[in-house]
Amino acid sequence: MKAGREAFVLTAPAVLLFLGIVAVPLVMTVMLSFNEWSSTVGIISVMKIGNYREIFSDVYFAEIFLRTLRISVLVTAACIVFGVPEAYILRRMREPWRSMMILVVIGPLLVSVVARTLGWALIFAGNGLLSQFLLSVGLTDAPVSLMFTETGVVIALTHVLLPFMVLSVWAALGRMDQASEKAAQSLGAGQFTIFRRIVLPQAMPGVLSGSIVVFTLSASAFATPAIIGGRRLKVAATLAYDEFLNTLNWPLGAAVAVLLLVAIILIVVGWNRLVERRYAEVFSQ
Amino acid sequence: MPGPLWGQAGGPLQREAEAVGLRLHAVCAKTIRRFEGDTLSYLALNGLKKNYGPVCAVEGVDLLVEKGEFVSLLGPSGCGKTTTLQMIAGFVEPTAGDIRLDGVDLIKLPPSHRGLGIVFQSYALFPHMTVAKNLAFGLEMRGVASAEIYRRVAETLDLVGLADKAERYPRQMSGGQQQRVALARALIIKPAVLLLDEPLSNLDAKMREEMQIELRQIQQTLGTTTILVTHDQQEALALSDRIVVMSAARVEQIGTPLDVYEKPTTPFVASFLGKTNVFKAEGKRGCLSLGGYDIAFDSVVEGHFVVSVRPEKLSLAPMSSQGLTGRVAMRVFQGNHWLFHIETPAGPAIVISQNNGYCVPAQNDQICLTMKASDLLLHPTVASAS
Numbered sequence: 017m018k019a020g021r022e023a024f025v026l027t028a029p030a031v032l033l034f035l036g037i038v039a040v041p042l043v044m045t046v047m048l049s050f051n052e053w054s055s056t057v058g059i060i061s062v063m064k065i066g067n068y069r070e071i072f073s074d075v076y077f078a079e080i081f082l083r084t085l086r087i088s089v090l091v092t093a094a095c096i097v098f099g100v101p102e103a104y105i106l107r108r109m110r111e112p113w114r115s116m117m118i119l120v121v122i123g124p125l126l127v128s129v130v131a132r133t134l135g136w137a138l139i140f141a142g143n144g145l146l147s148q149f150l151l152s153v154g155l156t157d158a159p160v161s162l163m164f165t166e167t168g169v170v171i172a173l174t175h176v177l178l179p180f181m182v183l184s185v186w187a188a189l190g191r192m193d194q195a196s197e198k199a200a201q202s203l204g205a206g207q208f209t210i211f212r213r214i215v216l217p218q219a220m221p222g223v224l225s226g227s228i229v230v231f232t233l234s235a236s237a238f239a240t241p242a243i244i245g246g247r248r249l250k251v252a253a254t255l256a257y258d259e260f261l262n263t264l265n266w267p268l269g270a271a272v273a274v275l276l277l278v279a280i281i282l283i284v285v286g287w288n289r290l291v292e293r294r295y296a297e298v299f300s301q
Numbered sequence: 540m541p542g543p544l545w546g547q548a549g550g551p552l553q554r555e556a557e558a559v560g561l562r563l564h565a566v567c568a569k570t571i572r573r574f575e576g577d578t579l580s581y582l583a584l585n586g587l588k589k590n591y592g593p594v595c596a597v598e599g600v601d602l603l604v605e606k607g608e609f610v611s612l613l614g615p616s617g618c619g620k621t622t623t624l625q626m627i628a629g630f631v632e633p634t635a636g637d638i639r640l641d642g643v644d645l646i647k648l649p650p651s652h653r654g655l656g657i658v659f660q661s662y663a664l665f666p667h668m669t670v671a672k673n674l675a676f677g678l679e680m681r682g683v684a685s686a687e688i689y690r691r692v693a694e695t696l697d698l699v700g701l702a703d704k705a706e707r708y709p710r711q712m713s714g715g716q717q718q719r720v721a722l723a724r725a726l727i728i729k730p731a732v733l734l735l736d737e738p739l740s741n742l743d744a745k746m747r748e749e750m751q752i753e754l755r756q757i758q759q760t761l762g763t764t765t766i767l768v769t770h771d772q773q774e775a776l777a778l779s780d781r782i783v784v785m786s787a788a789r790v791e792q793i794g795t796p797l798d799v800y801e802k803p804t805t806p807f808v809a810s811f812l813g814k815t816n817v818f819k820a821e822g823k824r825g826c827l828s829l830g831g832y833d834i835a836f837d838s839v840v841e842g843h844f845v846v847s848v849r850p851e852k853l854s855l856a857p858m859s860s861q862g863l864t865g866r867v868a869m870r871v872f873q874g875n876h877w878l879f880h881i882e883t884p885a886g887p888a889i890v891i892s893q894n895n896g897y898c899v900p901a902q903n904d905q906i907c908l909t910m911k912a913s914d915l916l917l918h919p920t921v922a923s924a925s
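So the protein lines, in turn, are chains A and B.
Per the numbering used here, residue 17 is the first one in the first sequence, and the count goes up by one each step.
Per the numbering used here, residue 540 is the first one in the second sequence, and the count goes up by one each step.
Please keep in mind that the hints were generated in silico from the structure rather than gathered at the bench.
All figures in this text were calculated on a predicted structure; none of them were measured in a lab.
Even for Gly, the Cβ is constructed at its ideal location relative to N, Cα and C.
Take these hints with a grain of salt, some might be off.
Reference excerpt, derived from the structure (chain B facing chain A, CB under 10 Å, subset only) [claimed, not checked]:
#	residue
1	I646
2	P650
3	V658
4	S661
5	Y662
6	E679
7	A684
8	A686
9	I688
10	R691
11	I727
12	V871
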């Protein structure tokens, strides 16, 4: 009884902070999304589902949401493809190389996303490094630009988010008994079979948590799609931004934000269930 | 090793290729590198050595193991026994020396092609596979047909007494059961040699004793040549046909359990295996002087010695007897026997005597320790530091 009250008192500051900075704005955003807006009056304080009806009936919005989903899935897939082997190789490295390489992996996180993305812009632009290289090698005879393309956004986002996947898989591999690889080897398995049948299944908890982080961050990413994608290639986050700050249609922007949030939660929970059921034994350790 | 030629998929093609490679490799190795000497012993370690930089982990191990023999590598931690095992398994590359199995040079073969069964200290079971899948893995790698795999998994599980646990996951099993799965997984591939790396050290005392008996029974049933690494002398004594006692990267003694216990050739072996008393002694003509007690001893040269004698080989006698005098410093009752700590002029001694119902000396009693000259082991004093 007394312990229960103590727990309440001790957690109260954190609870209040959480309510203040997460719950309250979230509830206010949801309320806002049901309001209406006109260019003459501004926000009209009513509770109607007009904004949602507009989003669901207009192909323009569907295209943007689908693009966001496509980019996030591709970025997550790319991070798994590159991040899992990278983490495995890091695990197998010897000190001091291992510590140094981990620093190299985490290093990019120390640089602002905006600065890094502007760097990619220098590479992707029509007169950028990539285009010049392809021209000089002779692989193309016209300048190539990845600016304002989904490919460009996917590449830049993968670069930004890869460390999260690597660290997450790295942690999962740390919980793996190194001897299980040796056991597989002694039973006659080659390196590739060991990776596919012994290491990968045991790395799945890390792949799962890493892909949740990467997926949510790329679905809600703003700076990278804003710089590489620009106005031409909108995603849900830049759409909400434009509705709020350019069109000044706050209720519509709020509805976009709420839909993005709900979609991310549904996808993440579904993915989580799927992977946990498939690899139940690894997760229940 | 499967190269990029075999494609990216780990499908049946890849597995088949690996299995064929495995067989081919073994056949080639056998025909090409048949060794002329030592054809009598099954497994031969010859001058096996491992250096880690300037540190010598194993210094020239020579060992011949017969087919079906159970040999233990026994020693304190850091004595090089595990490194020796790892070199046989192929996980550690020797600095010098060679390893031959049935005349085939093992050194150049990767661990996956040596065909040895290994039980790891941590068991190293695959946590994401059922017990049956764990066992099937080695057979799949050898391209065994699935009906045959099914039959052999059932047979091997039966052997280790886990016939009803095939669909369990390792996590759902006790330590002893996991231990059996690890043993079954190593045995199912019919290994040329079974390597056990401290397999029982994670079990509680009672379980360990049970597993010791079972391990010995299984090993004798199958006749699998076995090498056990352990720091537990009782385990080595109970299980082995022969014991290799190691210390500080060297082999101290190789012999049957009875031999190494009764006739240790070095003070280290004497003190490492079982309890032992070490006395300072002086050699005189035809006799040995232990703290004022002269015991007739043939073939003794003059000079200073260290004498070791087992606690159970000393008997307590009244002061009037011929023997080493002493005072009972402590008396401990241990059920089936008594343990005495005795202070003598030659140094402290421990004595174990059977609890056979007779009355025993009390604390502070003056007594006399009698011993037979044949139970004394003489070591030159230079090595007395150990």
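The hints, checked one at a time:
no., hint, result
1, I646, "16 Å, violated"
2, P650, "5 Å, holds"
3, V658, "9 Å, holds"
4, S661, "5 Å, holds"
5, Y662, "8 Å, holds"
6, E679, "9 Å, holds"
7, A684, "16 Å, violated"
8, A686, "20 Å, violated"
9, I688, "13 Å, violated"
10, R691, "13 Å, violated"
11, I727, "9 Å, holds"
12, V871, "41 Å, violated"
Of the numbered hints given earlier, the model fails hints 1, 7, 8, 9, 10, 12; all others are met.
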